[in-house]
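Student: Below, each chain spelled out in residue letters.
2 protein chains.
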Amino acid sequence: MNSLPQPADLTPHIQQREVPLALLDALKTRFAEQCSTALVVREQHGRDESSFEAPPPAAVVFAESTQDVVDAVKLASQFSVPVIPFGVGTSLEGHLLAVQGGISLDVSRMNQVLAINAEDLTVTVQPGVTRKQLNEAVKSTGLFFPIDPGADATLGGMSATRASGTNAVRYGTMRENVLALELVSASGDVIRTGTRAKKSSAGYDLTRLLVGSEGTLGVITEVTVKLYPLPEAISAAICSFPSIEAAVRTTIQIIQLGIPIARVELLDGKTVRMVNGYAKLSLREEPLLLMEFHGSPSGVKEQAEAVQEIAAEFGGTAFEWATTPEERTRLWTARHNAYFAAIQSKPGCRAISTDTCVPISRLADCLLDSVAEADASGIPYFLVGHVGDGNFHFGYLIDPDKPEERQRAEKLNHALVERALRLEGTCSGEHGVGLHKMDFLLSETGLPAVNMMRTIKRALDPKNIMNPGKIFTL
Amino acid sequence: MNSLPQPADLTPHIQQREVPLALLDALKTRFAEQCSTALVVREQHGRDESSFEAPPPAAVVFAESTQDVVDAVKLASQFSVPVIPFGVGTSLEGHLLAVQGGISLDVSRMNQVLAINAEDLTVTVQPGVTRKQLNEAVKSTGLFFPIDPGADATLGGMSATRASGTNAVRYGTMRENVLALELVSASGDVIRTGTRAKKSSAGYDLTRLLVGSEGTLGVITEVTVKLYPLPEAISAAICSFPSIEAAVRTTIQIIQLGIPIARVELLDGKTVRMVNGYAKLSLREEPLLLMEFHGSPSGVKEQAEAVQEIAAEFGGTAFEWATTPEERTRLWTARHNAYFAAIQSKPGCRAISTDTCVPISRLADCLLDSVAEADASGIPYFLVGHVGDGNFHFGYLIDPDKPEERQRAEKLNHALVERALRLEGTCSGEHGVGLHKMDFLLSETGLPAVNMMRTIKRALDPKNIMNPGKIFTL
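Here the protein sequences line up with chains A and B, keeping their order.
Taken in order, the first sequence gives residues 1 to 474; the numbers are from my numbering.
Taken in order, the second sequence gives residues 1 to 474; the numbers are from my numbering.
Hints should not be assumed to be uniformly reliable.
For chains that are exact copies, the list does not tell them apart, and a pair is met inside one copy or across any two.
[As the list claims (entries may be wrong)] Here are the computed lysine to aspartate or glutamate pairs in the EDC-like style, where the Cα-Cα straight-line distance is at most 16 Å:
| hint | residue 1 | residue 2 |
| --- | --- | --- |
| 1 | 226 | 424 |
| 2 | 226 | 176 |
| 3 | 280 | 313 |
| 4 | 139 | 375 |
| 5 | 280 | 189 |
| 6 | 139 | 232 |
| 7 | 226 | 399 |
| 8 | 270 | 152 |
| 9 | 270 | 18 |
| 10 | 346 | 369 |
| 11 | 28 | 245 |
| 12 | 270 | 232 |
| 13 | 301 | 424 |
| 14 | 402 | 53 |
| 15 | 226 | 119 |
| 16 | 411 | 119 |
| 17 | 301 | 313 |
| 18 | 411 | 245 |
| 19 | 28 | 71 |
| 20 | 411 | 313 |
In case anyone wonders, no lab produced these hints; they're calculated from the structure.
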């Protein structure tokens with residue numbers, strides 16, 4: 001591991017490139033009312049859920065087809081102007097900010113479900129389809145799409161950030177679940193990667209190179225993902241613990257025993273309080289695990305019994321069941337809204353999210369020291385974790401107008417990442433690098449690997465127009 | 001889909017580059033007896049299990065450490081001479097042939113298991129460790145590594161070809177199971193990709209770009225893979241069917257119902273006869289499915305009952321169980337040796353292997369017409385299939401001295417690939433492109449995607465020294 005830079009260095013460097021009027025004219029001519037330069041529209045496309053700020057893009061193009069994307073990219077390329085793909089704006093890492101100027105390419109109108117192949121457990125969608133929309137569309141087939149970041153993100157955005165969520169412990173992340181993509185490259189070529197076959201050894205795995213590339217290699221215009229049969233039986237449970245450590249040790253044992261749990265989510269007592277307030281629930285305000293079991297009725301029973309036994313050994317009490325779909329939906333909606341519950345608990349605040357992920361045996365080491373540090377700092381925070389994957393998030397709640405708060409939060413984040421890397425983990429489990437973790441990435445993977453990424457980027461986007469200034473500096 | 005070239009075009013183009021004596025001298029000086037120019041050694045490293053032939057490499061370097069690999073690559077780079085990584089030589093697609101001359105870099109002596117992290121279900125090995133050696137090394141931990149190509153291949157080679165095997169239907173392929181790699185790049189840099197964390201969104205997924213890159217982007221010098229707990233209960237079964245179609249339709253239904261079967265392998269009657277002869281078994285010489293179920297005792301029972309019911313509907317009979325570990329081992333060893341059984345059934349023959357993989361709903365369409373064509377051709381063949389993944393292999397057994405046999409076999413292969421691509425499948429499920437499928441890859445993915453691969457290759461290996469002439473022409 002290389003040494004980490006100091007928190008003060010993390011402020012994004014804003015280096016706006018000029019957007020010539022000739023480009024704006026050409027976009028207006030080609031796209032008419034699909035192109036907006038209204039300040040309110042540009043401002044809405046110039047921010048995301050991160051705490052960063054930058055001047056808005058010079059224009060927003062609302063693409064309605066792959067051809068629209070091709071034409072917008074070709075015009076931008078002609079003028080060497082940055083293009084920032086935009087879905088619904090839920091990035092937590094500054095991916096959508098026009099730090100080098102340019103235009104925002106909004107694909108949210110490309111929201112058609114193109115082909116449901118229920119008999120193959122696959123579906124092909126346009127990039128603006130959101131995860132909830134997708135699940136609604138496939139509902140009648142008895143199948144579902146498991147990947148669920150907190151927000152109702154688009155499949156394009158989820159592909160671009162290699163997103164995951166609460167079900168990843170059982171079903172994997174976008175890395176495992178995207179089968180094929182259509183991409184508009186930096187030169188405006190339409191590239192198809194992958195097929196609907198479940199596996200392939202046919203050439204470089206461009207699909208997985210693009211999944212997680214954060215818009216820096218092109219604009220995703222079509223996504224084919226795997227679906228799964230809705231489990232015959234589903235059972236959810238809540239278990240309270242005397243300490244975070246007890247909840248974490250329970251989780252470690254569940255995973256090490258290979259119990260195929262579908263979800264195992266940690267909330268600390270403070271976060272439970274925020275969630276109770278926001279979602280009108282009355283969960284015990286103690287560290288708790290929210291769990292879900294998928295399988296046959298007897299399989300679910302077996303899993304739940306095994307987990308209950310492990311939890312009891314670590315002092316887990318009040319094992320409560322949510323068996324009706326309504327109860328389960330309420331519970332998971334509350335979990336997904338933890339971020340918004342936290343934001344609302346401190347009016348005007350912004351959250352600085354951490355996203356480390358470590359091997360499961362290192363989870364207690366990584367988490368407990370970080371909790372102690374956060375408590376000592378006095379900064380309010382929420383803590384939620386996809387702990388079955390070794391991934392958890394602190395959200396430090398800061399006043400964006402108080403630089404010293406940001407600096408204290410970044411110092412905590414810095415210490416946490418340093419710890420996670422020492423424990424053979426990663427700085428980002430699922431949110432991506434964006435603006436926030438460029439230095440962390442360098443520390444994690446070392447200069448040779450980042451240089452390999454840079455070489456690929458330069459070769460595929462020689463004018464550096466695709467979402468420049470993200471993941472690494474060039 | 002683009003139109004496929006005619007079979008005659010598939011012969012590899014051999015364009016030897018000169019290997020200067022100065023390089024051979026430098027290698028001898030640096031590597032002493034770790035470098036051989038003996039013809040018998042070079043010839044052994046100049047072929048693989050494919051039916052292709054090319055002049056042998058000019059020298060073989062036996063690397064014993066990452067530093068050895070670095071030094072060999074740097075010397076080769078200095079003279080712009082090709083480097084062909086070599087494990088145990090079991091490629092089926094000509095990956096190991098020195099079609100542009102150069103040196104073979106044998107990593108089989110780099111065969112240490114570096115770190116077993118049983119509590120995280122991961123293991124890190126050198127690239128020369130074979131899959132059987134790995135499973136032997138982790139045996140005492142109660143864990144296993146599921147990926148099992150027919151041959152006892154090395155982890156380096158399996159990573160390079162994105163291999164899979166009989167367990168992939170449940171556990172995935174090398175794509176899903178490699179967590180991290182160490183690579184020596186074309187310029188001799190040591191690059192580390194990935195961490196031991198189960199998931200990550202930290203930058204480009206270099207790990208998965210390298211998995212399946214067939215040695216064309218560098219030499220893999222370390223591999224970290226996932227392990228799995230040995231299932232509490234394992235049960236294997238053999239079921240005979242009145243027709244290949246009945247076996248295939250049974251498989252399709254198993255997969256569509258989401259039954260988590262661990263293995264489901266098809267053999268046609270002729271192949272069963274070959275296997276019986278080679279392995280001294282007495283399986284019924286009819287189309288059959290070899291299956292395995294993993295889970296808790298009750299889970300295994302549930303799965304097996306459900307499958308038995310489906311099989312019965314399609315006329316499956318003689319459901320026989322192999323419950324002891326010895327019986328199971330015998331059965332799966334026989335399956336893994338099907339290739340060698342077939343080769344031995346026609347002395348002096350070579351096998352031309354097909355490797356298509358289609359979405360499960362298209363499996364019957366793809367397979368049955370191809371069986372009819374193969375039968376009509378009169379060419380002897382074996383047929384085995386990882387049918388749960390939609391992947392199967394014909395091995396057309398040809399006399400290598402009779403070009404007309406090769407041409408007839410390639411014509412069958414050609415028709416099969418064309419069919420698979422039309423059915424939204426891939427030309428290669430698990431063997432890789434190598435020399436054999438370069439035109440198929442182009443037809444499958446289209447010129448823009450292959451050009452994207454070429455751009456990456458040129459950027460990362462500007463002198464085109466890493467296993468040149470494989471996957472695509474430059």
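Student: Give a verdict on every hint.
Tutor: Hints and how they fare:
Only between protomers do residue 226 and residue 424 lie at most 16 Å apart by alpha-carbon distance; the minimum there is 15 Å, versus 30 Å within a single protomer. In this assembly of identical chains, residue 226 and residue 176 lie within 16 Å of each other by CA distance both inside one copy and across copies; the values are 9 Å within and 14 Å between. Neither within a single protomer nor between protomers do residue 280 and residue 313 lie at most 16 Å apart by alpha-carbon distance, with minima of 31 Å and 51 Å respectively. Taking the shortest alpha-carbon separations for residue 139 and residue 375, neither the intra-copy value of 43 Å nor the inter-copy value of 43 Å comes in at or below 16 Å.
With identical chains, the CA atoms of residue 280 and residue 189 are never at most 16 Å apart, being 50 Å at best within one copy and 56 Å at best between copies. For the identical chains of this complex, residue 139 and residue 232 are intra-copy neighbours only, at 14 Å inside a copy versus 34 Å across copies, given an alpha-carbon limit of 16 Å. Neither within a single protomer nor between protomers do residue 226 and residue 399 lie at most 16 Å apart by alpha-carbon distance, with minima of 41 Å and 42 Å respectively. In this assembly of identical chains, the alpha carbons of residue 270 and residue 152 never lie at most 16 Å apart, being 24 Å within a copy and 53 Å across copies at closest.
In the homo-oligomer, the alpha carbons of residue 270 and residue 18 never lie at most 16 Å apart, since the shortest distance is 46 Å inside one protomer and 70 Å across protomers. For the identical chains of this complex, residue 346 and residue 369 are neighbours neither inside a copy (25 Å) nor across copies (66 Å), given an alpha-carbon limit of 16 Å. Taking the shortest alpha-carbon separations for residue 28 and residue 245, neither the intra-copy value of 58 Å nor the inter-copy value of 58 Å comes in at or below 16 Å. Taking CA atoms no more than 16 Å apart as the test, residue 270 paired with residue 232 passes in neither setting, with 35 Å inside one copy and 39 Å between copies.
For the identical chains of this complex, residue 301 and residue 424 are neighbours neither inside a copy (35 Å) nor across copies (39 Å), given an alpha-carbon limit of 16 Å. In this assembly of identical chains, the alpha carbons of residue 402 and residue 53 lie at most 16 Å apart only when taken from the same copy (14 Å versus 70 Å across copies). With identical chains, the CA atoms of residue 226 and residue 119 are at most 16 Å apart within one copy only, with a shortest distance of 11 Å there and 29 Å across copies. Taking identical chains as interchangeable, the C-alpha atoms of residue 411 and residue 119 are never at most 16 Å apart, the minima being 50 Å within one chain and 31 Å between chains.
With identical chains, the CA atoms of residue 301 and residue 313 are never at most 16 Å apart, being 19 Å at best within one copy and 29 Å at best between copies. When the C-alpha separation of residue 411 and residue 245 is checked against a cutoff of 16 Å, the pair qualifies neither within a copy, at 23 Å, nor between copies, at 63 Å. Taking identical chains as interchangeable, the C-alpha atoms of residue 28 and residue 71 lie at most 16 Å apart only when both belong to the same chain, with a minimum of 12 Å there against 57 Å between chains. In this assembly of identical chains, residue 411 and residue 313 lie within 16 Å of each other by CA distance neither inside one copy nor across copies; the values are 36 Å within and 64 Å between.
Hints 3, 4, 5, 7, 8, 9, 10, 11, 12, 13, 16, 17, 18 and 20 from the earlier list are contradicted by this structure; the remaining hints agree with it.
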